[in-house]
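Asks: Now for the letters of each chain:
Number of protein chains: 2
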Amino acid sequence: MKAVIAEIITIGDEILYGQIVDTNSAWMGAELSKLGIRVNQITSISDNADHITEALDNAGARADIILMTGGLGPTKDDLTKDVLTSYFNTTLKLHEPSLADIAEIFKNRCRELTELNREQAYLPAACTPVRNVLGTAPGMWFEHEGKVYVSMPGVPFEMKHMMTDIVLPQLKAYFKTPEIIHKVVQTVGIAESILAAKLENWETSLPPHLKLAYLPHLGTVRLRLTGHGSDAKVLDQEMQEEVNKLQQIIPGYIFAFGEISLEAAVGQMLKERGLTIATAESCTGGYLAHKITSISGSSAYYQGSVIAYHNEVKTRELDVKPETLQQHGAVSEPTVKEMAENVRKKFGTDIGVATSGIAGPDGGTPDKPVGTIWIAYADKYKTETKLLQFNKDRLLNIEYTTLALLNLVRQSLTATVEE
Amino acid sequence: MKAVIAEIITIGDEILYGQIVDTNSAWMGAELSKLGIRVNQITSISDNADHITEALDNAGARADIILMTGGLGPTKDDLTKDVLTSYFNTTLKLHEPSLADIAEIFKNRCRELTELNREQAYLPAACTPVRNVLGTAPGMWFEHEGKVYVSMPGVPFEMKHMMTDIVLPQLKAYFKTPEIIHKVVQTVGIAESILAAKLENWETSLPPHLKLAYLPHLGTVRLRLTGHGSDAKVLDQEMQEEVNKLQQIIPGYIFAFGEISLEAAVGQMLKERGLTIATAESCTGGYLAHKITSISGSSAYYQGSVIAYHNEVKTRELDVKPETLQQHGAVSEPTVKEMAENVRKKFGTDIGVATSGIAGPDGGTPDKPVGTIWIAYADKYKTETKLLQFNKDRLLNIEYTTLALLNLVRQSLTATVEE
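Line by line, the protein sequences give chains A and B. Residue numbering for the first sequence follows the numbering used here, beginning at 1 and increasing consecutively. Residue numbering for the second sequence follows the numbering used here, beginning at 1 and increasing consecutively.
Quick caveat, the hints were computed from the structure, so don't treat them as lab data. Some clues are possibly wrong.
Pairs involving identical chains hold if they fit within one copy or between any two copies, as the list cannot separate such chains.
[Stated by the list, open to error] Below, in silico cross-link-like pairs of lysine to aspartate or glutamate (DMTMM-like), each with a Cα-Cα straight-line distance of 20 Å or less:
| hint | residue 1 | residue 2 |
| --- | --- | --- |
| 1 | Lys93 | Glu115 |
| 2 | Lys345 | Glu312 |
| 3 | Lys2 | Asp13 |
| 4 | Lys211 | Asp77 |
| 5 | Lys392 | Glu158 |
| 6 | Lys368 | Glu242 |
| 7 | Lys346 | Glu312 |
| 8 | Lys368 | Asp393 |
| 9 | Lys346 | Asp319 |
| 10 | Lys107 | Glu96 |
| 11 | Lys211 | Asp13 |
| 12 | Lys345 | Asp319 |
All chains should be built: construct the whole structure from the sequences, respecting the hints.
Replies: See the structure below:
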């Protein structure tokens, strides 16, 4: 079967001038690729009628699907609708349901409907309007010589809502894309290259209609197995068997199946086991607590933290012995051990964890260079510590340390169960 | 003077398939626009020789400068160098200085130089190599019919280093771009539309060679004044006078002049005044501490934090009176006031700040809907509180609250000085 090809055209000066980063295209590319639709080109241009027309001509010559975002605002510099109207040789016509949606939005905002916004309900007669429940600019779906052109607003949440609810399902139906199933296996604590070596035999044994992608991101590697087939149920079962085999090869590195973050997975483990946790942070400076509390519902297992940035806080609030700090320093195994054990006692939680290190870029010594970081986990059975060594980038060091600590919690909880 | 036009071509599947977000183009667009070079189109394509050639033809027909990133790796799927060699009708030739750089990198990594990496030192004879001190792929600078084509690696820090050190200065010289000066004024606590209304008279009175841009981002608005002229010194002085006028119109909203974050600006204020600060966080869950400690050198003024996620922690660690919690609830002015005052006492700092609210998406009540958040600032003279009301997005609420609190610190410090 011939692959369905898409192109994305984003319209607006903000991207060209670097005032905003285009995150829409990456999101669209990922969603399309889940349907087996391949993105061939992403083109960013300004609100200029000739340039939009040229981009449409070029994209139409290469692709089956042309998705456009931006240029649909109510002001004069937004040209997309007018360009499309003349491109498809049609005229503007009032679309009553869109007008009702726009009026509703203004009513909810307690504002008067302006003439400019009323005009947003005039749409090309040749298009099928795509409903926008979150904003005043409706989308437009055109079919032309077997190709589909869709224009959507550039506001990310409006575009994503439209894509998910309407455009992606319609594209799937229109192009009768084959059944595609994705299974995501999330790993942590293993580098992509080592992971690839471990999985080589399994990967080469995969049948041709199953493909594996490595998607590394800041210390985690998402493995995405994509399968094509005619019978979804058979395909799903076959893929599940492959995932089971995969699990046998790298059991210790998998933290989740599906699209879920490490902090969410660890939160889930704590919830299921009815355990509570408290944190004592030095070098991570609150980022660990932030990651844990970024998960809605984390108050069920998270009690709180002492951020002991200053040594005095370590002794006064976390009862780290002054002689420990004196003999071993703040960045040491004995200090981080006491921090984890004491925050656990202080907060009366099942688990206490701690970080202490030199985030950088300054503050290193020959003995303890920048990036030297100790982490610890304590529960009623045991205390575990780990020495990490990273580089000079302060924010990356904070990020990697937080990830390593969450992984230490995960490993400790898994080990506890296995015991 | 005719504007110099640039286009950016990024090469590689990762962007098209949404596996990574293209942040390179935004960075390049912003840097080029500082030189007065306008980006006309950004094109992302895959490693395909015909498609690269087509993109070069199209970009060359529209622009004076064509900047390419990606496709320079040592493996077979990286085609950019070969395509450029044939596009400019030239041949590959060993470039000894590049080979020396590559050998050096391998030596530092204690690894054997491979044949594949050696081949990266073979460059098109028609190009001027652009040195890459951070990676194994040299850049290439071509001049052709008055246009400049530059190919760089896609790795962001390698590309940025090359652009800053070599490519941007050379483009400035080659195209003799006029003197351009930028002055950035950073504001917080005022919406873009209200700011624009306040600045309208001043903005319309600006001479035509001075332009103002509004760059809003999560509660802050950067104002960028760009000036074109022939004499840098005269221009700079003229712009400084305009900035002084601007400062008279909105003195209370300006937190910095130049590219500096609010947390860095507040840190600078604390440092200058020799003041220390401690934080007590509930709904922000560590994000406030993280923002403060993301600044290198923050240990000079930041002592630490108690994250009191659970009410019990608020009473036990922050001495919030049980009757306060009972009568007013955790999300209330009296609670957040006690938190700020008590963390200040407990940590012995000059300033104590606190947050307590419902970050969402769940946990709201008719009285206190999701997004209801109290913040407080306490020093030895006064305690100030503020009620915030945001929406349902948990992470945005955390982010906005942190910004509002940093702004409250800034305002309180400014007021203290003025008194």
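Asks: Evaluate each hint against the coordinates.
Replies: Cross-check of the supplied hints:
1. Lys93 - Glu115: within (15 Å within a copy, 64 Å between copies)
2. Lys345 - Glu312: For Lys345 and Glu312, both the intra-copy (19 Å) and inter-copy (14 Å) Cα distances are at most 20 Å.
3. Lys2 - Asp13: between (35 Å within a copy, 19 Å between copies)
4. Lys211 - Asp77: between (44 Å within a copy, 18 Å between copies)
5. Lys392 - Glu158: between (39 Å within a copy, 16 Å between copies)
6. Lys368 - Glu242: neither (44 Å within a copy, 49 Å between copies)
7. Lys346 - Glu312: both (17 Å within a copy, 12 Å between copies)
8. Lys368 - Asp393: Within one copy only: 15 Å inside a chain, 41 Å across chains, cut-off 20 Å.
9. Lys346 - Asp319: Both. Shortest intra-copy (9 Å) and inter-copy (14 Å) distances satisfy the 20 Å Cα cut-off.
10. Lys107 - Glu96: within (16 Å within a copy, 70 Å between copies)
11. Lys211 - Asp13: Between copies only: 15 Å across, 38 Å inside.
12. Lys345 - Asp319: This pair counts as both: shortest intra-copy Cα distance 10 Å, inter-copy 18 Å.
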